[in-house]
Amino acid sequence: MDALLRMQVLGRIGNIIYRHSQLKTTLLSGRKIPYLRLHSKSFTEKSLLRCMNSVVNNDVFRRTYSITAEQNEHTSLTFAFRCHDNNPANHTIDQEGLFYTVPSEDYKRYLHKAINTEFSAQVKVFAESCIMIRKPALEMIDYIRNSDLNRPVARAIFYGHTGAGKTMSLCHVLHYCSKENWLIVHVPWPAKWNKRNREIAVSPFKEGRIDLPLDAAEWLLHFRTQNTDLLKELTCQFSYTWSKRESTESGTPLIDIVDFGLSRNKFASDCVGVLMKEVKKYACDKRVKVLVAIDGVNGLYSQCALKTEEKENVLIENVSLVRTFRKLLNTDWSNGFVVCTVDINASHYSTRENHTPRYLLGKQGFEVMDPFIPVQVPIYTDKEIYSCLCYYSDRNWIQHPNGKTDEGLKEIIFLSNHNPYTLARVCSSR
Amino acid sequence: MAASMQTFSRVCSTKHPIKELIRWQITKCSALDRHKNGVHTSCRLLADVIPETFEQKTENKAEKISKAMRLYMERAKNYNSMIDKEIDEYEVGKRHLANIMGEDPDSFNQDDIDRAIKYLLPSGLFEKRARPQMKHPYEVFPQRKEALFGKDGRPHHYQFYTGKPNYHGLLHDINMKYEHLNATETELYKNGKMAEEEDKKLFLHGFQWIDHKTLTKQLIEEISPQEYNRFVLVLHRLLKHKLSYKEEEFLLKYSKKVMTMSQFRSIEKPLIDSDGREYSEATGRRKTSNATVTVYNNGSGQISINGQDLAYFKDIHQREQLLFPLQLVNKIDKVDIVATVEGGGSSGQTGAIRLALAHALCSFVDTDSIERLRLAGLLTKDPRTRERKKPGQPGARKKPTWKRR
Numbered sequence: 001m002d003a004l005l006r007m008q009v010l011g012r013i014g015n016i017i018y019r020h021s022q023l024k025t026t027l028l029s030g031r032k033i034p035y036l037r038l039h040s041k042s043f044t045e046k047s048l049l050r051c052m053n054s055v056v057n058n059d060v061f062r063r064t065y066s067i068t069a070e071q072n073e074h075t076s077l078t079f080a081f082r083c084h085d086n087n088p089a090n091h092t093i094d095q096e097g098l099f100y101t102v103p104s105e106d107y108k109r110y111l112h113k114a115i116n117t118e119f120s121a122q123v124k125v126f127a128e129s130c131i132m133i134r135k136p137a138l139e140m141i142d143y144i145r146n147s148d149l150n151r152p153v154a155r156a157i158f159y160g161h162t163g164a165g166k167t168m169s170l171c172h173v174l175h176y177c178s179k180e181n182w183l184i185v186h187v188p189w190p191a192k193w194n195k196r197n198r199e200i201a202v203s204p205f206k207e208g209r210i211d212l213p214l215d216a217a218e219w220l221l222h223f224r225t226q227n228t229d230l231l232k233e234l235t236c237q238f239s240y241t242w243s244k245r246e247s248t249e250s251g252t253p254l255i256d257i258v259d260f261g262l263s264r265n266k267f268a269s270d271c272v273g274v275l276m277k278e279v280k281k282y283a284c285d286k287r288v289k290v291l292v293a294i295d296g297v298n299g300l301y302s303q304c305a306l307k308t309e310e311k312e313n314v315l316i317e318n319v320s321l322v323r324t325f326r327k328l329l330n331t332d333w334s335n336g337f338v339v340c341t342v343d344i345n346a347s348h349y350s351t352r353e354n355h356t357p358r359y360l361l362g363k364q365g366f367e368v369m370d371p372f373i374p375v376q377v378p379i380y381t382d383k384e385i386y387s388c389l390c391y392y393s394d395r396n397w398i399q400h401p402n403g404k405t406d407e408g409l410k411e412i413i414f415l416s417n418h419n420p421y422t423l424a425r426v427c428s429s430r
Numbered sequence: 431m432a433a434s435m436q437t438f439s440r441v442c443s444t445k446h447p448i449k450e451l452i453r454w455q456i457t458k459c460s461a462l463d464r465h466k467n468g469v470h471t472s473c474r475l476l477a478d479v480i481p482e483t484f485e486q487k488t489e490n491k492a493e494k495i496s497k498a499m500r501l502y503m504e505r506a507k508n509y510n511s512m513i514d515k516e517i518d519e520y521e522v523g524k525r526h527l528a529n530i531m532g533e534d535p536d537s538f539n540q541d542d543i544d545r546a547i548k549y550l551l552p553s554g555l556f557e558k559r560a561r562p563q564m565k566h567p568y569e570v571f572p573q574r575k576e577a578l579f580g581k582d583g584r585p586h587h588y589q590f591y592t593g594k595p596n597y598h599g600l601l602h603d604i605n606m607k608y609e610h611l612n613a614t615e616t617e618l619y620k621n622g623k624m625a626e627e628e629d630k631k632l633f634l635h636g637f638q639w640i641d642h643k644t645l646t647k648q649l650i651e652e653i654s655p656q657e658y659n660r661f662v663l664v665l666h667r668l669l670k671h672k673l674s675y676k677e678e679e680f681l682l683k684y685s686k687k688v689m690t691m692s693q694f695r696s697i698e699k700p701l702i703d704s705d706g707r708e709y710s711e712a713t714g715r716r717k718t719s720n721a722t723v724t725v726y727n728n729g730s731g732q733i734s735i736n737g738q739d740l741a742y743f744k745d746i747h748q749r750e751q752l753l754f755p756l757q758l759v760n761k762i763d764k765v766d767i768v769a770t771v772e773g774g775g776s777s778g779q780t781g782a783i784r785l786a787l788a789h790a791l792c793s794f795v796d797t798d799s800i801e802r803l804r805l806a807g808l809l810t811k812d813p814r815t816r817e818r819k820k821p822g823q824p825g826a827r828k829k830p831t832w833k834r835r
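Note that the protein sequences, when read in sequence, are chains A and G. Sequential numbering of the first sequence, starting at 1, is according to the working numbering. Sequential numbering of the second sequence, starting at 431, is according to the working numbering.
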């Protein structure tokens with residue numbers, strides 16, 4: 001059974017155990033489980049249940065996966081870690097440290113591409129996407145809520161150490177804005193475009209400009225998924241001629257431009273440019289509120305490793321996608337908010353000494369972004385880390401019984417050094 | 431041989447028998463010489479030899495033996511006088527050294543001498559035995575046995591002719607004691623007093639028999655491993671006897687107490703800094719890294735390594751190494767640690783910090799925990815260093831491609 005399938009099966013089993021609390025309590029108490037008749041439509045679930053019944057009544061399984069009453073006493077994992085309100089608009093500082101579940105439609109629509117591999121794997125295994133409510137995200141949501149949208153756009157930056165939770169905070173903010181029906185312009189990781197293995201093309205419209213057709217198309221699809229309804233509503237205000245035979249009249253819905261870019265990769269980058277121009281115009285006309293979310297904005301100002309066919313180095317200023325999104329960072333528009341993260345991994349290897357925004361953005365980037373609201377994303381506090389461990393324990397991710405005792409928890413916390421990413425890695429290998 | 435016997439009996443009647451024997455020997459010797467030259471002669475009487483040299487040769491042999499005796503006695507005397515001279519020199523030198531160091535000459539003992547020599551003649555040689563030393567002559571010069579036989583050539587020890595009289599004498603003594611105990615036992619059985627002796631059985635807990643080297647030193651004889659094993663076997667047999675308590679003193683003479691290693695170390699007391707916090711410092715080394723660790727008692731688990739926290743070590747293996755001593759003594763979140771480390775790579779630095787941390791923690795835990803740390807190997811410096819590259823090879827062990835021909 002390959003790894004992905006195994007994870008899915010485990011996730012399914014975990015899901016079933018979670019949903020059927022009777023099963024869970026009997027498992028935990030170590031009692032023998034009578035055959036449970038559960039109404040499950042799916043064939044896979046039924047067969048899994050049958051499998052499970054035989055397995056779960058097996059002594060070895062029970063010994064390994066149940067905590068004895070004694071061990072239960074020793075565990076500190078008795079916190080409430082779930083928030084039952086799944087709307088980010090209602091989250092307050094009182095719910096700090098709790099996990100709220102992102103509904104799977106929202107997850108698939110907005111966050112699917114936004115997150116890193118670690119979290120996406122976790123989502124698959126746990127069969128749910130839970131984000132911890134933390135102070136930086138709450139702060140940012142507060143800024144957005146209270147910002148005067150008549151003024152030029154405010155820029156805010158999440159910064160922190162690797163694995164501290166910048167991207168997750170950004171996702172929280174994304175979810176909030178999507179719920180408030182903002183138009184979302186989300187760039188998951190612009191530093192991806194600086195790598196040498198990207199497929200480049202010479203721009204048909206501007207000399208010296210470099211296009212990234214496949215990346216632009218990928219981004220267009222992402223943009224479309226996030227904002228389908230709004231794009232159908234809004235129409236383009238100018239007409240564009242792509243080539244002798246292809247053109248777009250003003251008044252066609254923006255989604256057509258997106259589809260055009262998806263079908264004709266050659267013009268995808270320019271479609272992106274056109275769309276951003278339209279979006280900016282609409283924002284200024286107060287038609288729609290726009291959230292620009294860029295994860296790793298310092299990737300737009302760092303060194304580029306692309307090379308033309310003549311083996312010449314490409315300057316990052318000449319990459320059309322980069323130019324487009326750099327324009328969005330300017331303060332020449334209003335009725336929007338720009339939330340970014342600066343990530344040390346988005347910079348070139350030679351400039352990775354510091355995680356602060358000024359260093360990572362470089363002179364050029366800082367001049368563009370300044371003034372911005374810096375929001376630090378710290379590593380877990382004690383409360384947050386215990387909440388996270390409660391969650392993992394609840395999801396049966398910490399399977400070893402010693403992992404749930406006080407001593408075990410201390411060990412896990414020590415090894416992870418309170419870093420969220422390291423904690424996930426440590427728990428996944430124990 | 432029969433012919434020679436006849437000649438002997440002919441001669442015997444006239445002269446002193448021993449002298450005759452001596453004379454006989456001489457002829458034998460000369461006969462053998464003749465034999466070497468290829469001329470076969472049976473044992474000849476001295477009468478064949480020129481009469482003038484007869485008396486000379488007999489005197490020579492007796493003289494030779496007594497000469498040997500004399501030389502031996504002289505050598506022993508010389509040795510003793512040499513030793514006495516050395517001891518005098520040593521004593522005088524000791525007093526001089528005390529004066530140099532400005533200390534009281536009368537109360538200047540061996541430890542003080544060692545310290546003084548180390549101070550005055552510092553040496554960086556790795557071999558401790560090659561460094562300058564000043565020891566008592568008894569320790570420097572190998573011990574010799576006293577005169578083994580008297581002027582008449584008769585040995586003093588009754589086991590002299592075994593070649594290792596002390597060793598065999600000791601075995602004999604042990605066995606005599608064993609026989610004696612057997613006899614005592616029989617007596618007690620006869621008198622019906624064996625029941626009294628039931629509780630008095632001797633158990634030597636925490637004791638080991640003295641080792642090979644100590645025995646050799648004690649007996650001043652070369653003891654082979656097999657002989658040593660025999661000795662232990664015999665001693666053990668004596669110990670196992672029911673009445674061995676009667677020979678307790680004798681048995682203790684050949685046993686030594688086994689001490690746990692931790693009893694050798696003294697527990698360092700924690701120091702107190704300006705804020706009134708208890709702390710202890712320790713250093714550690716691994717490969718080419720040096721670490722200094724300060725452990726503050728009553729902390730909350732904060733760790734600082736060269737100014738950064740645990741994120742200084744990116745690998746989880748290194749963090750696990752630091753976790754090890756803390757977890758063993760249950761002090762993960764009870765102490766604060768400040769460490770500085772330099773040199774080496776990540777693994778070496780981790781090992782150095784771990785060693786220093788374990789040593790520093792010893793001040794804050796009880797002896798049981800120290801023993802556990804020691805058994806876990808956390809208090810021992812890892813002596814492994816990078817092996818040197820050898821000439822003609824690409825690396826330390828790697829050899830050039832082997833070709834069959």
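Note that these hints are calculated values from the structure, not bench results. One should not assume that every hint holds.
As the list claims (entries may be wrong) - What follows is a list of derived Cβ distance ranges for each label pair:
1. A:Q399 / G:P821: 50 to 60 Å
2. A:Q303 / G:I746: 24 to 34 Å
3. A:Q399 / G:E698: 54 to 64 Å
Ideal Cβ placement from N, Cα and C applies to all residues, glycine included.
Hint check results:
1. A:Q399 / G:P821: 50 to 60 Å: 54 Å, holds
2. A:Q303 / G:I746: 24 to 34 Å: 31 Å, holds
3. A:Q399 / G:E698: 54 to 64 Å: With Cβ atoms ~42 Å apart, the hint is violated.
Violation of the numbered hints given earlier is confined to hint 3; every other hint is satisfied by the structure.
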